[in-house]
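S.K.: If you want the building blocks of each chain, they are given just below.
Number of protein chains: 2
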Amino acid sequence: MVLTTEIVNDFKNFIKKKGLKYTSEREEILKEILKSKDHFDVDELYMKLRKKGSKVSKASVYRTIPLLVEAGYIQEVYKQDARSYYELTLDKLPHIHFICVKCKNVDEIIDKYLAELIQKEAKNKDYTPLTYHLEIFGICSNCKRRV
Amino acid sequence: MVLTTEIVNDFKNFIKKKGLKYTSEREEILKEILKSKDHFDVDELYMKLRKKGSKVSKASVYRTIPLLVEAGYIQEVYKQDARSYYELTLDKLPHIHFICVKCKNVDEIIDKYLAELIQKEAKNKDYTPLTYHLEIFGICSNCKRRV
DNA sequence: TATATTTTGAAAATAAATCTCAAATTTTAT
DNA sequence: ATAAAATTTGAGATTTATTTTCAAAATATA
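Chains A and B are the protein sequences, given in the same order.
So for the first sequence, our numbering puts the first residue at 1252; every next one is plus one.
So for the second sequence, our numbering puts the first residue at 1252; every next one is plus one.
Calculated directly from the structure, the hints in this document are not laboratory data.
Treat the hints loosely; a few may be bogus.
To be verified - Result set (BS3-like, lysine-lysine): computed pairs, CA atoms no more than 25 Å apart in a straight line:
| # | chain 1 | residue 1 | chain 2 | residue 2 |
| --- | --- | --- | --- | --- |
| 1 | B | K1374 | A | K1330 |
| 2 | A | K1288 | A | K1303 |
| 3 | A | K1306 | A | K1286 |
| 4 | B | K1330 | B | K1395 |
| 5 | B | K1374 | A | K1353 |
| 6 | B | K1302 | A | K1330 |
| 7 | B | K1374 | A | K1355 |
| 8 | A | K1355 | A | K1288 |
| 9 | A | K1395 | B | K1268 |
| 10 | A | K1395 | B | K1374 |
| 11 | A | K1363 | B | K1376 |
| 12 | A | K1395 | A | K1353 |
| 13 | B | K1286 | B | K1263 |
| 14 | B | K1282 | B | K1306 |
| 15 | A | K1330 | B | K1371 |
| 16 | A | K1268 | A | K1288 |
| 17 | B | K1376 | A | K1395 |
| 18 | B | K1355 | A | K1371 |
| 19 | A | K1376 | B | K1363 |
| 20 | B | K1374 | A | K1363 |
| 21 | B | K1288 | A | K1376 |
| 22 | A | K1376 | B | K1353 |
| 23 | B | K1353 | A | K1269 |
| 24 | B | K1282 | B | K1267 |
| 25 | B | K1288 | B | K1330 |
| 26 | A | K1374 | B | K1374 |
| 27 | A | K1395 | B | K1371 |
| 28 | B | K1330 | B | K1299 |
| 29 | B | K1302 | B | K1282 |
Sequences are here, hints too, so could you generate the full structure?
M.R.: As structure tokens, this is what we get:
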């Protein structure tokens, strides 16, 4: 696991380099995200912060997320029902999301060939890939059993 | 190219089998979609219909799309700015969408290994895949040149 | 042909994300 | 440390794709 303090410091530098101001809200949001072990959406993140007594507004959460994406700490991994889900990029291997259309469960699968495939096709097209999603919508084994 | 009349008839059977009513609106929407060579969203489709003098409402377009997805004629291929894009499933090989974050251009790439990769992982997890997207967000070669 | 059922169009409702703006905070210069 | 300049914040309004509502119209059934 990467050190939180180190990341927080890097983020501070990133913010400064962009000529922006380093605020306690931005730090609070990053720290909370660094604790996440899984996918999250803005609402979940906002609720977690609130429960801890944070006064950060939802607007600030919405405003901080693109900065964290740009800095490379998080990625938007999929969208469901017009809602975006994010996850930490750190230490993450390329993965696939299996989204069950019945129970809405999301299963994460690591596939080491996926990154190669993407790099190969990006090179072909002279594309610079920043982030990607591979989402497979289908029916999970549980839902297949209980028809 | 698959015969339109055949598809239209299959769709009619699909609708009937579900105990729904086969309406001229549903047929109009399907026929218009069958003409599409590319991705489309609800607005584009609705506008095309209007230009032809169709009286179909946008609500009906929204209501017909899930039926066509369920019947397997179209797929949701990506979302951008909270808007869903669809395309015909017919005769389509597995493909990747490169979405340029600068110019918003979407490039389609056929990759024959993608389907294999998905089938392999689905089998592993005892998953029944229905549809999938591989979206790569990045910067296209054009936008890289004119920085 | 009449009855029952579903679908339609138009407009209202919903909800995620973005925007507005005055007040608060951060940064810079003195 | 203090004041001025610039940015960010919170709260609520706005935006916009999609969904829902409901009376009227269309379709299917008996």
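S.K.: With reference to the structure, classify each hint as holding or not holding.
M.R.: We went through each hint and held it up to the structure:
1. K1374/B with K1330/A: holds (24 Å)
2. K1288/A with K1303/A: Distance of about 18 Å is within 25 Å: holds.
3. K1306/A with K1286/A: holds (18 Å)
4. K1330/B with K1395/B: holds (23 Å)
5. K1374/B with K1353/A: holds (18 Å)
6. K1302/B with K1330/A: The hint is violated at about 32 Å.
7. K1374/B with K1355/A: holds (19 Å)
8. K1355/A with K1288/A: Given that 25 Å is the threshold and the Cα spacing comes to 19 Å, the pair holds.
9. K1395/A with K1268/B: holds (22 Å)
10. K1395/A with K1374/B: Satisfied, since the Cα-Cα distance of roughly 13 Å is no more than 25 Å.
11. K1363/A with K1376/B: Satisfied, since the Cα-Cα distance of roughly 16 Å is no more than 25 Å.
12. K1395/A with K1353/A: With a Cα-Cα distance of about 9 Å, the restraint between K1395/A and K1353/A holds, given a limit of 25 Å.
13. K1286/B with K1263/B: Holds - the C-alpha atoms of K1263/B and K1286/B are around 18 Å apart, at most 25 Å.
14. K1282/B with K1306/B: Since the Cα atoms of K1282/B and K1306/B sit roughly 14 Å apart, the hinted pair holds (cutoff 25 Å).
15. K1330/A with K1371/B: Since the Cα atoms of K1330/A and K1371/B sit roughly 24 Å apart, the hinted pair holds (cutoff 25 Å).
16. K1268/A with K1288/A: violated (29 Å)
17. K1376/B with K1395/A: holds (12 Å)
18. K1355/B with K1371/A: Holds, at about 21 Å.
19. K1376/A with K1363/B: holds (16 Å)
20. K1374/B with K1363/A: holds (16 Å)
21. K1288/B with K1376/A: holds (21 Å)
22. K1376/A with K1353/B: holds (16 Å)
23. K1353/B with K1269/A: The hint holds at about 19 Å.
24. K1282/B with K1267/B: At roughly 18 Å apart (the allowed maximum being 25 Å), K1267/B and K1282/B satisfy the hint.
25. K1288/B with K1330/B: holds (18 Å)
26. K1374/A with K1374/B: Not OK: K1374/A and K1374/B at ~29 Å, beyond 25 Å, violated.
27. K1395/A with K1371/B: holds (18 Å)
28. K1330/B with K1299/B: holds (20 Å)
29. K1302/B with K1282/B: holds (15 Å)
Hint violations for this structure: numbers 6, 16, 26, all remaining hints satisfied.
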